[in-house]
Amino acid sequence: MKKLFAMLVTVCMAVSLLACSGAAAMGAAKKSGKITIWAWDPNFNIAVMKEAKARYQKNNPNVQIEIVEMAKADVEQKLHTVLASGVKEGLPDIVLIEDYNAQKYLQAYPGAFDDLTKKINHKNFASYKNKLMTVNGKIYGVPFDSGVSALFYRTDYLAKAGYKPSDLNNLTWDKFIEIGKKVKAATGKDAYTFDPADGGLIRIMLQSAGLWYFDKNGKPYIANNPALKEAFATYKKLMESGMIKKTTGWNEWVSAFNKGEAASIITGCWIIGSIKAEKSQSGKWAALPTPRMNLKASVNYSNLGGSSWYITQGSSNKAVAEDFLKSTFAADKDFYQKILVGQGAIGTYLPAQNGPSYTVADEFFGGQKVFSDFSAWMKKIPGINYGVYTYEADTALMTVMPEYLAGKLTVEAALKKAEDQLKNQINL
Amino acid sequence: MLHNPATPPAKTRPPFASFEKSQNRYGWFFASFALLLLGLFMLYPIISSLYMSTISSRGVIQTFVGFGNYLKLLNDPVFLQALQNTFIFFLIQVPIMLLLALVIASLLNDKSLRFRGVFRTGIFLPAVTSLVAYSLLFKMMFSADGFINHGLMALHLIAAPIPWLTEPFWARITVMIAMTWRWTGYNMIFYLSGLQNIPDDLYESAEIDGAGRLQQFRHITVPMLKPILLFTAIMSTIGTLQLFDEPMNFSAMGVSAATIGPGNSLLTMSVYIYNLCFKFMPNFGYASTVAYAIVFLVAVFSVIQFRLAGDKK
Numbered sequence: 001m002k003k004l005f006a007m008l009v010t011v012c013m014a015v016s017l018l019a020c021s022g023a024a025a026m027g028a029a030k031k032s033g034k035i036t037i038w039a040w041d042p043n044f045n046i047a048v049m050k051e052a053k054a055r056y057q058k059n060n061p062n063v064q065i066e067i068v069e070m071a072k073a074d075v076e077q078k079l080h081t082v083l084a085s086g087v088k089e090g091l092p093d094i095v096l097i098e099d100y101n102a103q104k105y106l107q108a109y110p111g112a113f114d115d116l117t118k119k120i121n122h123k124n125f126a127s128y129k130n131k132l133m134t135v136n137g138k139i140y141g142v143p144f145d146s147g148v149s150a151l152f153y154r155t156d157y158l159a160k161a162g163y164k165p166s167d168l169n170n171l172t173w174d175k176f177i178e179i180g181k182k183v184k185a186a187t188g189k190d191a192y193t194f195d196p197a198d199g200g201l202i203r204i205m206l207q208s209a210g211l212w213y214f215d216k217n218g219k220p221y222i223a224n225n226p227a228l229k230e231a232f233a234t235y236k237k238l239m240e241s242g243m244i245k246k247t248t249g250w251n252e253w254v255s256a257f258n259k260g261e262a263a264s265i266i267t268g269c270w271i272i273g274s275i276k277a278e279k280s281q282s283g284k285w286a287a288l289p290t291p292r293m294n295l296k297a298s299v300n301y302s303n304l305g306g307s308s309w310y311i312t313q314g315s316s317n318k319a320v321a322e323d324f325l326k327s328t329f330a331a332d333k334d335f336y337q338k339i340l341v342g343q344g345a346i347g348t349y350l351p352a353q354n355g356p357s358y359t360v361a362d363e364f365f366g367g368q369k370v371f372s373d374f375s376a377w378m379k380k381i382p383g384i385n386y387g388v389y390t391y392e393a394d395t396a397l398m399t400v401m402p403e404y405l406a407g408k409l410t411v412e413a414a415l416k417k418a419e420d421q422l423k424n425q426i427n428l
Numbered sequence: 001m002l003h004n005p006a007t008p009p010a011k012t013r014p015p016f017a018s019f020e021k022s023q024n025r026y027g028w029f030f031a032s033f034a035l036l037l038l039g040l041f042m043l044y045p046i047i048s049s050l051y052m053s054t055i056s057s058r059g060v061i062q063t064f065v066g067f068g069n070y071l072k073l074l075n076d077p078v079f080l081q082a083l084q085n086t087f088i089f090f091l092i093q094v095p096i097m098l099l100l101a102l103v104i105a106s107l108l109n110d111k112s113l114r115f116r117g118v119f120r121t122g123i124f125l126p127a128v129t130s131l132v133a134y135s136l137l138f139k140m141m142f143s144a145d146g147f148i149n150h151g152l153m154a155l156h157l158i159a160a161p162i163p164w165l166t167e168p169f170w171a172r173i174t175v176m177i178a179m180t181w182r183w184t185g186y187n188m189i190f191y192l193s194g195l196q197n198i199p200d201d202l203y204e205s206a207e208i209d210g211a212g213r214l215q216q217f218r219h220i221t222v223p224m225l226k227p228i229l230l231f232t233a234i235m236s237t238i239g240t241l242q243l244f245d246e247p248m249n250f251s252a253m254g255v256s257a258a259t260i261g262p263g264n265s266l267l268t269m270s271v272y273i274y275n276l277c278f279k280f281m282p283n284f285g286y287a288s289t290v291a292y293a294i295v296f297l298v299a300v301f302s303v304i305q306f307r308l309a310g311d312k313k
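Protein chains in written order, with the UniProt record's numbering: chain V, 1 to 428; chain B, 1 to 313.
To be clear, the hints were calculated from the coordinates, so they are not data collected in a lab.
Hints may contain errors.
Claimed, not checked - Quick list of in silico lysine to aspartate or glutamate cross-link-like pairs, DMTMM-like style, CA-CA up to 20 Å:
| # | chain 1 | residue 1 | chain 2 | residue 2 |
| --- | --- | --- | --- | --- |
| 1 | V | Lys78 | B | Asp245 |
| 2 | V | Lys72 | B | Asp245 |
| 3 | V | Lys245 | V | Glu178 |
| 4 | V | Lys276 | V | Asp41 |
| 5 | V | Lys423 | V | Glu412 |
| 6 | V | Lys279 | V | Glu178 |
| 7 | V | Lys34 | V | Glu69 |
| 8 | V | Lys189 | B | Asp245 |
| 9 | V | Lys259 | B | Asp145 |
| 10 | B | Lys72 | V | Glu178 |
| 11 | V | Lys236 | V | Asp334 |
| 12 | V | Lys245 | B | Asp245 |
To be verified - To spell it out: a stretch of chain B is covered by chain V in this simulated footprint if at least three of its residues, at any positions, have a beta carbon under 8 Å from a beta carbon of chain V; those stretches are:
| # | segment |
| --- | --- |
| 13 | 72-81 |
| 14 | 133-145 |
| 15 | 272-279 |
| 16 | 289-302 |
Beta carbons: idealized from backbone N, C-alpha and C, even for Gly.
All chains should be built: construct the whole structure from the sequences, respecting the hints.
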C-alpha cells in the first residue's frame with residue numbers, strides 16, 4: 001500500500017512536472033530577447049516609452065527593453081553615421097525619427113528600415129502621418145505623436161486688454177496682430193514670443209494652406225508659392241508689430257513664457273509639458289486653433305513637428321520589436337489614455353481618441369477640454385507630403401529673411417533667391 | 001636608409017657595418033608600429049576622404065562625379081556665404097586679438113609690475129575653459145535681457161536693448177567678442193615666452209639712445225618676436241578657418257534651428273560640413289569636398305603668411 005501510494009505520488013509529481021515544463025515551453029513560444037530603443041526628450045518620448053515598456057513586460061516578462069535617452073541631434077547624428085558606414089552593429093532595434101526627416105532616412109538608406117505595411121493596421125492612424133512614412137506604397141513606421149498646432153495664450157493678459165476668449169474665434173493673423181498690440185499696450189508684456197532663427201512659424205503658416213516647400217512631384221515650389229508669399233508678408237507684419245519678444249534657442253524661449261513675459265505662443269501641442277512646468281500659472285492659460293492667413297486655402301489648423309517609431313532592418317530581434325510596437329502603440333487604447341494625462345502626448349492612433357482622458361477638463365487650462373479640442377483640430381490639418389528636403393528649404397528661406405525684413409529684397413526677389421539656393425543645394 | 005652622420009671614415013667600417021645594419025633593422029622595427037598606426041589613422045583617412053570628395057552621395061546611394069563636387073562648391077551660395085562669414089571673422093577678429101595679446105604681453109612683461117603672475121593667470125584662464133560652457137555663458141550674457149544689455153542700459157549707454165544675437169551684424173560682433181575673450185590669453189602666453197628671449201640690454205641701449213616705450217615696442221619687441229608672431233598668426237588662421245563651437249552654440253544648435261545665427265550670419269565652413277552630414281540629406285562626399293577646401297585654404301594662407309614674414313627658409 002505504501003509502495004503504491006509512493007508510486008502514485010511519484011506519478012503525480014512527474015505529471016505535474018511535465019505540465020510545468022509544458023507551460024514553460026509555451027512561455028518560450030512567447031516573446032523573449034532584448035530590444036534597444038533610441039529616443040530623445042526625457043519628459044515626453046522617453047516617459048511614454050517607459051510606460052509602453054512596463055505594459056508590454058507585464059505580458060512578456062522575458063523581453064528585456066533598454067531605452068536609451070539621447071539629445072535629438074545625437075540620435076540623428078549616430079543614426080546617420082552608423083547607417084552610412086554600412087556596419088550592421090551599433091544600431092537600436094527601434095528608433096524615434098522626426099516626421100520632417102522621415103523621408104530623408106527612408107530614401108537615403110533604402111532597406112535600412114523594416115517594412116510594416118502588412119504588420120501594422122495603418123488605417124487606425126491619422127492619414128497625414130501614414131503619408132509621410134510611405135515610400136513606393138510601402139509604409140515603414142508606427143505613427144506616434146501629433147504636432148497639431150495651437151495658439152496658447154494667457155487669458156489674464158487678454159482680459160486686461162478687454163478681450164474675451166470668444167473674440168479670438170476664427171482668428172486671422174491680421175486680427176492676431178491687432179489684438180496683440182492692444183495687449184502689449186494694456187499689460188506692457190509682449191504679445192507673442194518666438195525664435196526668429198527657427199523656421200517653424202513659416203512651416204505652420206504654409207501647412208495651414210495645404211501647401212509646402214515642394215510640389216506634388218517633390219520639385220521646389222518656393223518662388224511662385226502663393227502661401228509662401230503670404231507667409232512672408234505675415235511674418236514681416238509680425239516682426240514689425242513691436243509686440244514680439246525675440247529669443248534665441250529653446251531654453252530662452254521656454255523661459256520667456258514661463259516667466260510670464262509673453263502673452264502667447266503658437267506651436268505644436270507637445271509644448272504642453274513645458275507650459276505646465278510653471279505651476280504658478282495654472283488656470284491662466286487657454287488654447288485656440290492657430291490663426292489663418294489671408295488666403296482662401298488657409299484654415300485655422302496646422303501642424304508643427306511630431307515624430308514616429310521605426311524598426312531597423314538589421315535588428316536581431318525584429319519579431320519582438322514588431323510585436324512590441326504592435327501591441328502597445330498600435331493597439332492599446334488604455335496606454336494612450338495614460339500617456340495623454342501623464343505627458344500630454346496626443347497620439348495619432350484614432351481608436352484611442354474616444355477614450356475618457358480626452359474629455360477631461362484641464363484645470364491648468366481653465367477647465368478647457370484641451371485634448372478633445374486638439375484631436376478634433378488634428379483631423380482638420382491639411383495633409384501634405386513633407387518630402388525629403390524640409391531642412392534645406394528651411395535654411396534657404398531663413399537665410400534670405402533678414403534681407404527681406406530689412407527691405408533690401410522684395411518678397412518675390414527673396415523667394416527667388418531662396419529657391420535658387422535650395423535648387424543648388426539639392427542638385428546632385 | 002638612415003645615415004648616421006657621425007659614422008667614422010670608411011676605414012673602420014667593416015667592424016661597424018653589421019652593427020649599423022642591425023641598428024637600422026631594430027630602428028625600423030621599433031618605428032614600424034608608429035608608422036603603421038600613422039598610416040592607418042592618418043594617411044588612410046586622408047586618402048580615403050580625398051577619394052570620397054569625388055563622390056556625391058545621398059546616404060548610402062553614391063555616384064561618382066569626379067571633380068563635380070569641386071565645381072559645385074564654387075557655385076554653392078551656402079558655401080560662399082560660409083566662406084564670407086569665416087573671412088569676416090578672420091580679417092577682423094584675428095588681427096585685433098593678436099595685437100591685443102601682444103600689447104598685454106609686453107605690459108605684463110614689465111618686471112616692475114606687481115602681481116604679474118596674477119594678471120597673467122587671469123588673462124590666460126579663459127583659454128582653459130570648456131568651449132561649450134563658455135559659449136553658453138556668453139549666449140546667456142548677450143541674450144536680449146541678459147547681463148550685458150541690462151548693464152549697458154543701467155549705465156545709460158544705450159536706450160534700447162541691443163539685439164546681440166537676433167540681428168546678423170550684432171551676432172557677428174558677439175562671436176568676435178567671445179572669441180577674443182577666449183583666445184587672447186592663449187596667444188599672450190606665446191608672446192610672453194618669446195619676450196623672455198629678448199635680451200634686456202637691447203632695451204637698455206635703446207633707452208640710452210633716447211627711444212620711448214612705443215618706439216622700443218615697434219623697433220625691438222615686434223621684430224624680435226617675428227617667428228612667434230608668425231606662429232600665432234598661422235595657428236589663429238587655422239583655428240578661424242575651422243571655427244565650429246562658437247557659431248554652433250550661439251545659434252540654437254545646428255539641428256533644431258533653420259539657420260546658424262540670424263540669416264545664417266554665423267555659418268562657417270566647419271558648421272556647413274556638419275550640416276551636410278547630419279542636418280541635410282546626408283552627403284558625405286560633398287562634405288569631404290568642403291573639408292578639402294578648408295585644407296587648401298589653410299595651406300594657401302600659411303604660405304602667404306610665411307612669405308609676408310619674409311622667412312626665406
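Hint numbers not upheld by this structure, sorted from lowest to highest: Hints 6, 8, 10, 11, 12 and 16 are the ones this structure does not satisfy, whereas the remaining hints hold.
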